[in-house]
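Given the structure of chain A, go ahead and fit chain B onto it with the hints provided.
Respectively, the protein sequence lines represent chains A and B. Using our numbering, the letters of the first sequence correspond one by one to residues 7 to 612. Using our numbering, the letters of the second sequence correspond one by one to residues -18 to 81.
Warning: the hint list may mix true and false statements.
Subject to a maximum C-alpha distance of 20 Å in a straight line, what follows is the list of computed SDA-like cross-link-like pairs (lysine to any residue) [said to hold, decoys possible]: (1) B:K21 with B:R80; (2) B:K21 with A:G299; (3) B:K45 with B:H19; (4) B:K45 with A:P108; (5) B:K21 with A:L296; (6) B:K21 with A:G263; (7) A:K344 with A:E355; (8) B:K45 with A:E113.
If you're looking for bench data, these hints aren't it; they were derived computationally from the structure.
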Amino acid sequence: MSLVTISPGRILRLTCPCDLASVRDVAREIRSYLEREGLNAFEVNGWELICTEAGNNAVEYASGAAAAIPVEFTLETTSTTVELRVIDHTPGFELPDQSVLPDPFDEGGRGLYLMRTLSDSLKYLRGPDENCLVVRRQRSADGPGESTADITAEHAMLQATLHTMTEEIATSYEILSAIFRFTEELNQGVGDTGFIERWLCELAQITGADWHILRLVDATGRCLAVSHTSHPTANLDPIHLDTLSTSCSVEVKAVTGHQDVWFDAQEPPSARDPLRCLGPELAGFAHPLLVAGELVGILTVGRHSRTHSFNAGQVNIIHTLTDFLAIQIRNAQFQAEKLRAQLIERDYEVAARIQQQLLPKIHPCRGRWTTLGLCESAQRVGGDFYDIIEVGRSGLLLAVADVMGKGLPAALFATVFRTLLHAKPDLARVPSAFIEWLNQNLVAELAGLEMIITAQLAYVNFDTRELRVAGAGHPPLLIAAADGTFQEVLSSGPPLGIDDAQAFDEDRRFLPEGARILLYTDGITEATDEAGVPIGTDPVIEILKESARLNLNAQETVDRFAALPRGTTTTRAADDRTLLLLSEDTALMPEACAAPNSRTLCPAVS
Amino acid sequence: MNLAPEATILQVRAPDELNASNAGPFRDLVRNSLKPEHQKIDLDFSATRFVDSSGLGALISLHKAMVSRSGGVRVMNPTLQVQQILELTRMHRLFEIIRA
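Next up, chain B with everything else stripped away, as it sits in the complex:
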């Protein structure tokens, strides 16, 4: 995972898979990288092939943390498989999905 924090946006590259075995550590790592000035987290999902319900839970947890800062989580360039899961669970309503 590469962290490239900018002014108010924490940019994070999501792992190849975000599942029950790594969702918790990933959530904690991102949380610990947050600085007071961060209002948004941009999660680069371009290389993430698989997300399960635990991975979604980690994303929701991060989103809640950012909502308390009047911000949110943006899912950047999700793969087709990940986007299917987001839409299936209606998470595309919660997260902003960006394609650059």
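Next comes chain A alone, as it looks inside the complex:
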């Protein structure tokens, strides 16, 4: 850089090599010169930026031999004006009549806008070998005299800094005091609409906003409905989050981009934007309410003005208070969800207790024959079910059912199944007829909900040792004998709930000596081992055979079944699992059974 002349008429001429760093040296030199000339801090800052932008253009567009020619700067100051002339050796450009700000996301195109905004006039004179940019601006009316220039420039800078600090302190105070007031009110709950109304009122007073729209995500999480607005009569439809289009609505843009979206006369809301109903002149922005990246709502605030929008301090206030509100709303939602979850949990506890009550409390015995069951739900309540119904003095009906699915719906159908089972005792001796009747009475309700039930009924006559079995899409009934023989009785029909005209066959067998009869649900055999592989029927059959061979009692046998892998979790089975065992104790002589119809109280394992 070379300083050519500082004339008595206040003309400064500087040249610098055609590179960006040298341009900055020139701009700093011009800044120092203007400070000495007594321009205030705002003017000096502006000229430094104008000089930099003009010099950058001269460097960036110079190519070939032109890049070797120095850039020339001439600054002329009078008591009323400052004029800068920058001579470049670029091909030049066509100066537009107006300069507008580019899209906020455009990375370039602001240099010319800045120079125009900071000056009173800007001209670009093009020549065959060189061009000249001429920028002029009036000096501030309260400009200082030359002798006090330094002191006054410093004074202006200090005043500006003081003004900014005062504004910031006031802003911080406003934010803090508002947050304290709101925190005090929080005891009454955010759900109190008065809280949000007062909050919006405070926000408007602090920031000078004329209007606002607050939308909150509704309980479904799929809709932004208007919660509060300064224009309650305005036609503001809900915004549906799952059908967001590339709508031209300011609010939708802010929601989809998770960013503030501004608007004013220069960038107005589109003709179809609902905000248009608030008035012809709108300036403001939409701010999405986010907590941990999750959308809680959106606040749109503004003024009835063409250009007078919010400054940085006011934006900070709106952001801080809005984010504070968003956290409070989210906290309130969490509390409400927690309460709802507690209520549901309590309902499930009651339902689980009721379901346990529906299982047999007394497991009947007949001479050498003992019954015992196991019923575990994967969830608090389940769709598995077993029951034992005494039929006359010498018979029992054993029933096991599995409603497709788990949880409350399955549990409700299991309860219905039990009610029906007890409603028709006259069919107990003919399981095929009983299961047909059950199907006819359940098919309408099950089909309506696209659910099915697998079930197995087994009638045992201890006098004749006859076993009658009918099954509906259920795992086979297993029979093991003391002599090591083994039988499977397959289901004779499809699950209940498919066809009300479905007929079911009946399988008749005679019970072998020391028999072990097992009815079970697929949760027993489809439970997985540690490797994640279903255990299948082999270990179940092995336990049953061993029980018959060693004449294990019912409790010992059921304990072995209970010890089988339960599935993928250690606390609950992956599926409901249920079994019902009928076993004959060969160690007992028939005459030793004093009470052929005695009952033992064997609580079900749960």
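Chain B alone, transformed into the frame defined by chain A:
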């Protein structure tokens, strides 16, 4: 420039001046410092005396990179001169300006 990355925020001290001569390298240096977990960039402007339109371009470029991560750029403690330029170009609408 000092980089002090924290969990999800990359903290960067901006240079004394952010202008056409250093905006590109500064943008690239910050971008290369980003880790997958970063969602925000906090740019400390307390010691930055001057920003020109190229410097703004670098900030916008970084902001766009963070928007794709559902985050953004925060301008921390800008000096009066820098804040004037941000407001003049309405960049205070794009960046969150924090005063600590």
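*Does the structure keep B:K21 and A:G263 at a Cα separation of 20 Å or less?*
Cα-Cα ~15 Å, so holds.
*Would you check the hint for A:K344 and A:E355, treating anything up to 20 Å between C-alpha atoms as holding?*
Given that 20 Å is the threshold and the Cα spacing comes to 16 Å, the pair holds.
*Is B:K45 close enough to A:E113, meaning Cα to Cα at most 20 Å?*
Holds. B:K45 to A:E113 sits at ~10 Å (cutoff 20 Å).
*Between B:K21 and B:R80, is the straight-line Cα distance small enough, at 20 Å or below?*
With Cα atoms ~16 Å apart, B:K21 and B:R80 stay inside 20 Å; holds.
*Compare the distance between the alpha carbons of B:K45 and B:H19 with 20 Å, and conclude whether the hinted pair is satisfied.*
Status holds; Cα separation ~13 Å.
*Pairwise hint evaluation, A:L296 against B:K21, where the allowed Cα distance is 20 Å at most*: holds (14 Å)
*For the pair supplied as a hint, B:K45 and A:P108, confirm whether the alpha-carbon distance does not exceed 20 Å.*
holds (15 Å)
_Restraint status (C-alpha distance of B:K21 to A:G299 at most 20 Å)_ = holds (12 Å)
The structure is consistent with each of the numbered hints, conforming to all of them.
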